[in-house]
Amino acid sequence: MRIATAKESYAADEGLFKTDTQRVWFGLLIAGLLVYPLGASNYWMFLAVLVMINIISTTGLNVLTGYTGQVSLGHAAFMAVGAYTVAFFDGRFGTPVLLNLVLAGTVAAGIGYLVGLPSLRIKGLYLAIATLAAAVILGFIFLNWTPVTGGLRGLNVPTARILGIEMATPDRLYWLVMPICVVMVLAAKNLFRTRVGRAFIAIRDRDISAEIIGISLLRYKLMSFAISSFYAGVAGGLWAYLFRVVTPESFPALASIFFLAAVIVGGAGTIIGGIFGAIFMTMVPEYLKLVATALVPWFPDASIYLAPVRNIIFGALIVGFLIFEPMGLAEVWRRVRRFFALWPFRT
Amino acid sequence: MAVSPSHSAAPVRPPAAALDVDGLSLQFGGVKALDGVSLNVAAGSITALIGPNGAGKTSAFNAISGFYKPKTGTVKLDGEDITHVPARERAKLGLARTFQNIALFRGMTVLDNIKLGRHAHLNTNVFDAFLYWGRAKREEMELRAEIERDVIDFLELDHIRNVPVAILPYGLQKKVELARALAMRPRILMLDEPVAGMNREETEDMARAILDVREEWGISVLLVEHDMGMVMDISDHVCVLNFGRRIAAGTPAEVRANPDVIKAYLGSSGDPHKAAVEEVA
Amino acid sequence: MAVEFIDVVETSLAGLGTGALMALTGVAFVIIYKATKVINLAIGEMLMIGAFVFYGFSAGLSLPIWASVPLTLVVAAIIGGVIERTMIRPLMKDNPVSVFMVTIGLTSILIGVVELIWSAEPRRLPEFLPSQPIIIADAFIPSKTFYSFLIAAAVMAVLITVFAFWRGGIALRATATDRAAASSVGIDVPGVFSFSWMLAAVVAALAGILVGSVGGISSAMGLFGLSVFVVVIVGGLDSIAGALVAGLFIGWLEAMVGRFLGGEFKLLATFSILLVVLVVRPYGLFGTHEIERL
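From first to last, the protein sequence lines are chains V, Y and W. Residue numbers for the first sequence follow our numbering, beginning at 1 and rising by one. Residue numbers for the second sequence follow our numbering, beginning at 348 and rising by one. Residue numbers for the third sequence follow our numbering, beginning at 629 and rising by one.
Treat the hints as calculated values from the structure; they're not laboratory data. Take these hints with a grain of salt, some might be off.
Quick list of the computed label-pair ranges, beta carbon to beta carbon [claimed, not checked]: (1) V:F26 / Y:A389: 52 to 60 Å; (2) V:W44 / W:S747: 29 to 37 Å; (3) V:Y113 / Y:R360: 56 to 64 Å; (4) V:F26 / Y:R453: 51 to 59 Å.
Partial chain V-side listing against chain W, Cβ under 7 Å, derived [stated by the list, open to error]: (5) R121; (6) L125; (7) Y126; (8) A133; (9) V136; (10) I137; (11) V183; (12) V185; (13) A255; (14) I257; (15) F314; (16) I318; (17) V319; (18) M327.
This structure is a prediction, so every number in the text was calculated from the model and none was measured. Think of the CB as a built atom: it goes at the ideal place given N, C-alpha and C, for glycine as much as any other residue.
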């Protein structure tokens, strides 16, 4: 059992980690991330990289939807923008990987800013529909701006290469994706320790009061759009290096639903929720594959049903969590922690 | 949790501002909500705006704080014309307000709600925020110390600072809204029905807090309130509206004796304010 | 390439045919929005599942049309009622964003169900409309387009009449205006909610049968809902008349753009219109402009 911890200064009370226990857990997590590749097969390395890419993207959407309260139906399109940017610059000019990723984030952020502009006039669900329109229009551009995007056939992406080291396989890409993921998640966490993040939450909770205390709604909504798209862009760029080809089919509309589901299932408006959601949602299809394989002796064509069952489960998770656990896995996690913090005195 | 506040620095006390509203008119469709209302809040005074239901008190508030665009009339803060300044800019000029139906950020803790009050005075940009290093961190630490000293201690909110506002009882939520307004470093504080729906004890607590604010911070207060006892007790100056017009203004004693005021209140029969009228008369 | 006049006329007529179906689906959307204030992103998928249920009865069980259609509508009503009762009602007191996201989840569920039962392959519905092409003046109109236009128009005429005069229609409008007030004068508000979803599911299923009979069915036909979405925004979320006018207009526009610019420009054109409307007149051509008060 842990008793409330006394703090000696405001700095300690405002810290990223409020207790020693949290610090230890974070240390263990980083250590785990460092030793994970030693024991993981190629398949598990691939999954780890994919999960971390999805964590970055989900965290981005969480900033916009979970924290600022603006639903985006086009998040996957911003990932696509990042992926195409990387494919274009690396393929055409062979620019360095880190520069490409920054460009991916920046181009996506710029477009996200534009997509946010209608929030000058509209809000709430109307804005969500505007993001849907933006995604459709972006999809059109990917398909038809052939000189840049390669049209229907898309673009091949060169191997990521840093300081002469080729990162063709997931076990090497891991060392590129993992640090970026950790840094971007911590940066997002920091954001909500300052006035900027507080302004986002204020807009979500009560936009009229936000205005009265001097928050420019337009400015912060646009900022939230830009940050969210930046995260999506970087994630999309890393995605391009993982899959090595980008086509208009790479990020279908359903992918936007995937990320919304990840935010909801994990817990909208908490950083840890975005992480849980991304892990959980990325692993669902993998569990399903396992189940399908196990069922083959009885149902030889079980694998045909994978895709539809996955769709049903994604949808059911969104609906189920919204109805029964609207705060998501993060809330479940909080309850578990609370249980152990008070254990064995209260159960 | 034991946080030891440091009381070293002197509190920042912005000077009180006077508010001069002149000939304010406001229309919704064909309804005249306000008809040439004038109103003065002397610097450092507590002024109350009263009137029967639908008299236009909240409309006047919304026009003064910049949510409604008045058709005619001017609003001046310490002589400076702010009629056309957008609502969010008025925050920076030192105009802070609370709402009749509490408008707190329900998903946040008391502390974060109060911190938000200072938003317009802070400078951290998004890049500083990502790093939370140097400037951003320093600013947050100063903010925390100031808020603890000037607002949380002052309004005795220490025990609830990390509680999400959504689960607080009504009276405390009202107090947190006052705290958030104070964090804005206002020069004039506008309170829309600060004690509506409160019991006797909570009302007295709030009344004392308002008096303390004037005493300690030296700022001006403009309040809309139905609780006549409280209005008459704490106000220096009272202004009465009826059907969008000002029908009386003066000290509580003068207003209480004004026949128009008595008529206005008695005229609106079947009104819950009959009880209040007995206190007026 | 010189654009021939007759080509323009024929394309326009075909576009109006599709437009009538968009309008009909738009009406289904508006019914739900008017009664429950829910923006139903899954309207296209409700249309799809209706079409597939009809396929199941008419092709799968080889039932005659006169039996398949009513059975389909009954099943659609049940599906609509179940959706409302299990997914929408529990969240009606929450904020509209949650309910909106539930309909996003619903989209995914319905697509999955259809693919699970009927696979993702495109299919054709049995022929049931007369196949003799219609010729008006010199313009040639495919018979299916013509008859589906007529049926859609008839259904909408019935709906509008019913809503204007029938007691239930008035209850629905009262609920739309103010739930608490409606409840206090004895209107069964949850009943109105259920009814509106069931009715919308029926109307959407009808539209699905017509859309499917013209262009075939597939698990991707919910995309039709995207255009319908534009229709209701342009027309105004709470306006049946808006859905009619905007439906015909968007249908016509897509046909013209598809014919003279290329099929890939269709969605671009509609969604550009959507963006313009959102920014210039967010409540649509005929929608109610609610004044925001504090």
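Now for the hints, and whether the structure bears them out:
1. V:F26 / Y:A389: 52 to 60 Å: holds, 56 Å
2. V:W44 / W:S747: 29 to 37 Å: With a Cβ separation near 32 Å, W44 of chain V and S747 of chain W satisfy 29 to 37 Å, so the hint holds.
3. V:Y113 / Y:R360: 56 to 64 Å: violated, 40 Å
4. V:F26 / Y:R453: 51 to 59 Å: violated, 29 Å
5. R121: OK, holds: R121 of chain V within 7 Å of chain W, min 5 Å.
6. L125: holds, 5 Å
7. Y126: At about 5 Å, which falls below the 7 Å cut-off, the nearest Cβ of chain W leaves the hint on Y126 of chain V intact, so it holds.
8. A133: For A133 of chain V, the interface hint holds, since the closest Cβ of chain W sits about 4 Å away, which is under 7 Å.
9. V136: Holds: closest Cβ of chain W sits about 5 Å from V136 of chain V, inside 7 Å.
10. I137: holds, 6 Å
11. V183: Violated - the Cβ of V183 of chain V stays beyond 7 Å from chain W, reaching only about 30 Å at its closest.
12. V185: Violated: closest Cβ of chain W sits about 23 Å from V185 of chain V, beyond 7 Å.
13. A255: violated, 11 Å
14. I257: Because about 6 Å separates I257 of chain V from the closest Cβ in chain W, which is inside the 7 Å limit, the hint holds.
15. F314: OK, holds: F314 of chain V within 7 Å of chain W, min 5 Å.
16. I318: Holds - the Cβ of I318 of chain V comes within 7 Å of chain W, reaching about 3 Å at its closest.
17. V319: holds, 4 Å
18. M327: Result: violated, 12 Å to nearest chain W Cβ.
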